[in-house]
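Quick note, the sequence shown lines up with residues 10 to 209 if you use this note's numbering.
To be clear, the hints were calculated from the coordinates, so they are not data collected in a lab.
There could be a bad hint or two in this list.
Capping the alpha-carbon separation at 25 Å, the derived lysine to any residue pairs in SDA-like fashion look like this [as the list claims (entries may be wrong)]:
no., residue 1, residue 2
1, Lys-11, Ser-89
2, Lys-125, Lys-147
3, Lys-190, Leu-76
4, Lys-205, Val-166
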Amino acid sequence: MKNTKEIILFYEKVPDFNLTDIAKEILDRYEYLGEPTIIPRNENNTFLVVFNKNSEFQIEINDKNVLIVMKHSYFNDLNSIVFDVVDTFEMFDTKFSRIGYISSNFESPLKIEKAKEKYLNVEEFKDVLELNLSWYRKINFRSSYINCWERVITDTVNFKDLLLQYDINTLVGEKVDIDMKFIKDFFKTSDDYIEKRIDF
Numbered sequence: 010m011k012n013t014k015e016i017i018l019f020y021e022k023v024p025d026f027n028l029t030d031i032a033k034e035i036l037d038r039y040e041y042l043g044e045p046t047i048i049p050r051n052e053n054n055t056f057l058v059v060f061n062k063n064s065e066f067q068i069e070i071n072d073k074n075v076l077i078v079m080k081h082s083y084f085n086d087l088n089s090i091v092f093d094v095v096d097t098f099e100m101f102d103t104k105f106s107r108i109g110y111i112s113s114n115f116e117s118p119l120k121i122e123k124a125k126e127k128y129l130n131v132e133e134f135k136d137v138l139e140l141n142l143s144w145y146r147k148i149n150f151r152s153s154y155i156n157c158w159e160r161v162i163t164d165t166v167n168f169k170d171l172l173l174q175y176d177i178n179t180l181v182g183e184k185v186d187i188d189m190k191f192i193k194d195f196f197k198t199s200d201d202y203i204e205k206r207i208d209f
């Protein structure tokens, strides 16, 4: 399956952990990631640690955030992987204050006409060949809400499927405590919303 999930964890403040130590700890926990590429800190305090040897599960660590990318075979472990990564960074006195989640769902090409009927139910769009629709809404979450950008895309040059993509994240400027309960609630709320939206 081509479906992917991307999780972005944003640092609470500029991190100062040792890159080799953090890379070693992650590799100890996930040896199947393979050896990372490490680009050391420069004078601007930018850096990069990339675990990209495993095509199904990758982690990128930079000076702004940590990006986790996984394919279908790791979806069931999403909560525990994210919590484990958060825990790893806490060992190095690094906390996260914001989380983002992009779920890319490739659906059957047979759903393209259904998507047109659902989203382009206007005479003007009857002969549209490709779709690239995007809109923003808020999803209720705990006593606040989370952001959701929803995208419906066809692109016959690059893929034949219908791509339904959901970019869900906590609010900019709203500091959250990303613990196990938060992680479970965030992904449950997000995935429940996504499941309802892709069912047409």
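Now for the hints, and whether the structure bears them out:
1. Lys-11 / Ser-89: Holds, because 22 Å separates the two Cα atoms, which is no more than 25 Å.
2. Lys-125 / Lys-147: Between Lys-125 and Lys-147 the Cα gap is close to 23 Å, so the pair holds against 25 Å.
3. Lys-190 / Leu-76: 20 Å, holds
4. Lys-205 / Val-166: 28 Å, violated
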